[in-house]
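Same order as they appear, the protein sequences are chains A, B, C and D. Each residue of the first sequence is one higher than the one before, starting from 1 at the first, in my numbering. Each residue of the second sequence is one higher than the one before, starting from 1 at the first, in my numbering. Each residue of the third sequence is one higher than the one before, starting from 1 at the first, in my numbering. Each residue of the fourth sequence is one higher than the one before, starting from 1 at the first, in my numbering.
It is worth saying that the hints were derived from the structure and are not from the lab. There may be inaccurate statements among the hints.
[Stated by the list, open to error] Here are the computed lysine to any residue pairs in the SDA-like style, where the Cα-Cα straight-line distance is at most 20 Å:
hint, chain 1, residue 1, chain 2, residue 2
1, D, K398, D, R375
2, A, K339, C, L34
3, B, K350, D, R375
4, C, K104, D, V407
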Amino acid sequence: MIDTSRFPATNAIGDFIRATLPGPAAELTNIVLAVLAILTVVGLTPVALIWMERKVAAHFQARLGPMRVGYHGLLQPLADGIKLIFKEVMKPEGADTFVFFLAPILSATASFMVLTVIPFDHHLQVTDLAGGVLYVIAVAGLGIMGVLLAGWSSNNKYSLLGAMRSGAQMISYEISLALLMLLIVLLSGTASLREIVFSQAGTVLDWWIFKFPLFGLVAFVLFLISSTAELNRAPFDMAEAESELTGGFTTEYSGISFAMFFLAEFVNMFMAASLTTTFFLGGFLAPQFGLAPLDRVLDAIPGFLWFFLKSYSVIFIYMWFRWTFPRPRVDQLMNLEWKVLVPANFFLLLVAGLFVAMGLV
Amino acid sequence: MTEQQAGLADDILENGVAMTVPPGFSIDRRERHTDEYFLNMGPQHPSTHGVLRLMLRMDGENVLEVVPHLGYIHRGLEKIGENQTYLQNIHLTDRLDYLSSHMNNLALCLAIEKAMGIGVPERAEYIRVMVCELQRIQSHLLWWGVLGMDLGAITSFLYGFKEREMITDIFEEMCGARLTMNFFRPGGSFADVPDTFIPRVRAVIEKMKTAIDEYDTLLTNNVIMHLRTKGIGVLPAKTALAHGCSGPVLRGSGVALDVRRSDPYSIYHRFSFDIPVGTVGDCFDRYKVRMEEMRQSLRILEAAAASFPGGPYRSKKYASYNLPAGSYYSQVETARGLLGVYIEADGGPKPHRIKYRSPSFANLSALNDLAVGHKLADLVPIIATLDVLIPDIDR
Amino acid sequence: MKTNAKNTQGRVRPVERGEFVPDGQAHWSLAGYLTHLANGCLSLVKGMGLTFGYFVHPGRIVTQQYPENRETLAMFPRFRGRLALVTDAASGAPLCTACGMCEKACPNGTISILARRDPANRKVLGRYLYRFSQCTLCNLCVESCAFGAIRMAQDFELAAYDRSDLQLVLYGKED
Amino acid sequence: MGMRHIGYATRTIPKFLDPLPGGAKLVDAIEFVVAWARANSLWPLIYGTACCAMEMMSTGSSRHDWARFGVEVARATPRQADLIVLAGTIVEKMGSRLVTLYEQMPGPKYVIAMGSCAISGGPFYYDSYSVIKGGDRLIPVDVYIPGCPPRPEALLYGIMQLQEKIRTEGRRNPWKIGTLNQAPFGDPLAEAKKMWADLEKSRPAAPPAAADAAGGNGAIDRPKPKRPATEQFAEVARSPLPAPLLDNGTIYAYIIENFPEITLTRQSEQTVEQVRALGQEYLLDLTVPLRRYVELVGFLKDSELLDMNFLLHVTAVDRPDRFEVLAHLFSANQGHNILIRCALDRQQPEIPSLSPLFAGAIWHEREVFDLFGIRFSNHPDLRRLFLEDNFPGHPLRKDFDDPSRVVRRPY
C-alpha cells in the first residue's frame, strides 16, 4: 500500500470551518459549501464544454466556429443560455403536464448527483463512499428515467421512438459499463473512488490503462465506447438521431426545459470523462515518469488541475468520435453491445481474475 | 411531424378506435389488434431533402409500407413555360434540378437546336461538356456531403462543400451566378469562358484527386458506413427499369444506361469514360457508382482541358427563336439521371406544351419497393442514395 | 449490352464493394470474424486520423470572415447582384432609350419602362422601375439591350426590413 | 402575435421591477443583455424548399461558416428554433404547413425571407396556379434578402441586419414584427403603367427648361443613342452524332407491318421513305387509335427487335378539340425513342392505364389525371399527385382560369 498521509482527505477551508464553528454547524456549513462547489462545477462545465464542442467541431471541419460573440466566441454559450431562459416554454396539446416538466429536471439532477463522489483532488470530494462505484451505477441509471418520461409524456411519435431507443440503449450499455467498473474494482481491490485513484499511485505505468498490460488499454477503449453510448452521444445518438427522428425525445421541448436536457447532456459527458479519468488515468494524480526533477515539477501542479486536464482530454476524444463517425443503426448498436462488448468484458474480467489470483498486478 | 392527424379527418370509429387508413396504402382499414401505426415524415424533415412527405405504416421500428406525397413544391413550371418564350424557358429549367442547372439548360437548348437546325461551334461544345461534367462533380459532392450528414457524420458535409465551392467559383466567374446559371443558349452560351477557366479546372482536377481519397477514408471505407448501406434498399434491375429509374440509381442496379453513351449528345462520343455499375443494387452500390462517376468525370475534364480549342463560343444569334410546328425531344444525363425535354411547338415564339421528364420523379417512385422490410433508420440512406431533389419531381 | 458502333470508348465496369463487411451471411469462422473486426476498427482509426489532421493544421481552414473582410471582398466582374443603369460618362444621363426590349425580355415582369415625350416629342425614359423583389437575375434583359444601357451590378448587401424597399426606381425618382 | 409569444420571464420581470426606485434602469439593463443574447443566438429551423436552401447550406459550409455568428445550431424541430429562413418557393400546399411550423416555434421568433420566391413569388409570380406570392402573405417577415438565390454573404448580411433589429428592440424601441401582406395581388406591370399614365396626365405641360430640371431627360444634353458593337457569330452546320443501331425508317416499317392503322403525326406523306427523309433527328411521332393503344405499347415493349423497355413519360397535350395522351418509350439498350399519341374526347377523357406494363406509369398517369383531368381506367391508385384534393379544375388545360390564384402575364 502507498503512503496516503501525503494525501489528506480534508482541505484547508473545511479544516478552518471545523476549527472555528461548533461541530454540527461546521458540518452543515461544509455540506453547503460542498454542494455550492459542485453546483459551480455543474454550472460552468456546460458553458465551457459547449464552447469547446463548437470550436473543436469547427476545427475538425476546416472552419472557425463561433467568432463574433466575445473573443473567439467565448461568450457564445452565455448568449445561448440567456436566450433559452428568456424563451417561451411550450407544452404540446395532449402532453402530460407534470411528467413533461419533471423529465428534464430528473435528467439534470441525475447527472449532477454522480459528481458528489468524484474525487477532484485528494481533498476535494464531497463524500467518499466505500461503495462509490455502486452509487455511481445506481444514480447514473436515473438519467434514463428522464429520457423515457420525456418521450412518453410528449404525445409525439418521434419522441416516443427516441425514448424507447434510448431506454434500450442505455440499459444495455449500462451492463458493459458496470462490468468494466467491476474490472477496476477487482484489480484495485476497492469500490471507493478515492481508493481506486490511490491504487494507481506511482509512475504513469501504474495507471490501470497500462498497469493491466495491454488489456488495460482494451478496457479503456471499451469504456470509452460504452460511455459514449451511455451518454447518447453521436455516433450513438439514436435517441436524438436528427436525420431520422427530428429531435428524438426532445422534439417537443423548448426554452428552459430544453436547456435542462442540453445541460444534462454536457454534465453527463463531464461525468463520464471524470469516471474514465478516475478508473484508468490515475485521477487527480500527477503523471510521474520516474525522472526525479521532472516528476517534482509535475507533482507541484495541484491535483485538480491534472484531473480537469485529463477529463477534458477524454472529452476531446468523445468529440473526436462525434465529428468523425457516421451513426450505426439501432439494432446494430445492440449487436455491438451484446455480441461484442459484453463477451469481451467477460473475457477481460476472466483475465483480470487470473492476473489477480496469480498476483501479477 | 407537423401533421400526424393528416388524412384521418373522417375517421370511421369502431369502439372509439379509428379504423380509417390514410390514402394511398394497400390496406383498406386498420386491423384492430395489431401494433401497426402510421408515422408522418415531412414535409419538413431533415432527411427528406426538401419537402418530400412520406406516410409510413410501421410496426415498431420496421417499415411496412411507404406512401410518398408530392406537390409541396409544385410550382406549375410547365404551365408557366407555355406562356414564356423559349429563351425565357431556359431560365426556368434552372429551377427544376438546381444542382444540375447547366444540364437542364443544355437539354432545352438541344431541343431548340434540333428543331431549328442550329449548329454549335467546337469551342462551345467543349465548354458544354466541361461545364456539365464540373456540375456533375459539384452535384455529387453535395450529395456525398448530405448523405454523410444524414448518416450522422456531419463532418463529411463540410468536407464535401469545401471542394464544391471551388467549382462554384468557376461557375460564378464564368456566368455570374452560383446556382441558377442560365448560361447556355441555343448554339452556345451567352458569354465566353474567362481566361482563368482552364487553369481553374486543372486546379479542381488536382484537388479532387486527393479529395476523393479523403472521402474514401472518411466514409467509403468506414465500417459503420458499410453496415448502414450494404444490403439495404436492394433495387433489382427489372424493378428499376419498370419504374423508369435512371442515372446512378439504375446503374447501381447493374443496368449500364447512360445517355451520354447510349444516345450521345454534344461531343460526349469523343471522350473515353467508363460506366460504373453495381452488382447488388443496394445503397452501397449506388454510393460507389456515384463516387466512381466523379472520377470518370475528372477523366473527361482532363481530356477536354488538354484539347480545349479556340474559336467562337456560339453560333448565329437569332432575334427570336420560333420553333416550327412539330414535336421535339432531347435528353441529357444529369447528375440524377435521364432528363428529357419534350416540346410541342406550334410555330410561335412560345411552346404549346413543354414537358420535363425529370429523373428524380421516376427514381422516387421506386421508394416503396426499396424501403419495405427495413428499419426506419434505413430510410435515411435509401432516400439519400436515391438522391432525389423534390423541386425536380414536383416541377 | 449492345452499344453504338462508333461509340466504344470506355467500358462498363462493376464497382468494388470492399471486403471487410461481407455481403450476405458469411460462413462463420473465428479467424474471419476477428479479421473483419480488426479491419473495421482500423477503418475507424483511419477516419479519426483524417479529421485529426484537419484539427492540427489551422492552415487548412478555408473560412472567409465576411463582415471583417469587407475591404478585400470583391465579387467577380460578371457577378449578377442587381440591375443597374449605365450612364453616359460625360453628361451623366442614362443611355436608355426607353425602347422596352428589356421589359419584354424579362420573364418575371421585373422591369417597367415608363416613357414620356420630351419637348421635341421624342420618346424618352421617364422612369425606370425595377422590382428587385421579383427579379431572378437571369441576365436576359442585359442581353436584350441593344444600347448597352443596363448592366448587372456587383452589390450583394441588399437586405431590407420592408418589402417596398425592394421596388427600386433606377431612374426618374421623384417625391 | 401578442404578449403570449414573448415568454414568461420577459413579461414578468418588468412587472416587479418597474415600481421599484431605479427598477426601470435595471429592466433596461436586463433588456439589453437579453436582446444581446437573442441576437447572438439565432438557431435556425432546418427548413428549405428549393434552390435557396442550397445557398443556405453553402452559408453553413466551411467557406462561409455561419457558425461564426452562432447560427450553426440548426434545429430540426421548430420547438427549439428561433429563426425560420424561408429558403425557396412556398406553394399553396406547403403554405398551411409553414404556418403550423411558425406557430410551433416558441417566441420570440424571427423570419427571414430569402430570395425572390419567398419575397414575392419571383419567377413564379405570373401564370402559376400554386405559388404563394410572397411568404409574408402567410407569416410576418422581418428581413427580406433579394436575390435568386442570394449569395451566402448576402444571407450573412441579412442575418446581421436581423441582429441589428433585435439589438435595438426594447421598451423604447418596441419590436416591430413584420406585417402580413394582405393586399390583393394584381399585375404590377399593368398597375405601374396605369399609375404612370395618370401621373403624366396630371403633370402640367412644363417648359423645356423645367422638364430638364425635373427629370434630367430634356432633349439638349441627352446622349445620342449608340448601338455598341456586338460580337457577330457565323452560322454553324450541325455536326452529325453517332447513329443509333436502328434508324427511324426501319422502326416505322416494322411497326406499320403489325399496326397498319398507325399514322405519322403532322406529316402529309405516310411512307417509310418519308420517315427516312426526315432524318435521324426527327422524333418518331405516331398516332394510334385508342383501341390499340395499350396493345401497341405492349408490342413495343416485348418486341425483340425494338426492345423498348423504358417508359420515359406519359403526358398529355390540350388541343382545342381533343386531348392527346402521349406515351414516350425509349430503348435503354439501343438508344432510340418513339412517341405514341392517342387522341381522346374532350368531354369524357378516359384511356386505359399503362401501369400493368410499366410500374413507373402509375405516377405519370396520376400527374396527368391531376393536371389534365384525364381518367385512366384500371389504374390502381388514381388520386391527384401534386395538388390538394379540393383544388378546383385541372390547371394544364388551356381553358383553366382561376383569378384568385393566377395573375396572367400581360405580354
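Checking against the hints above, which ones are violated? As far as the earlier hints go, only 3 is violated by this structure.
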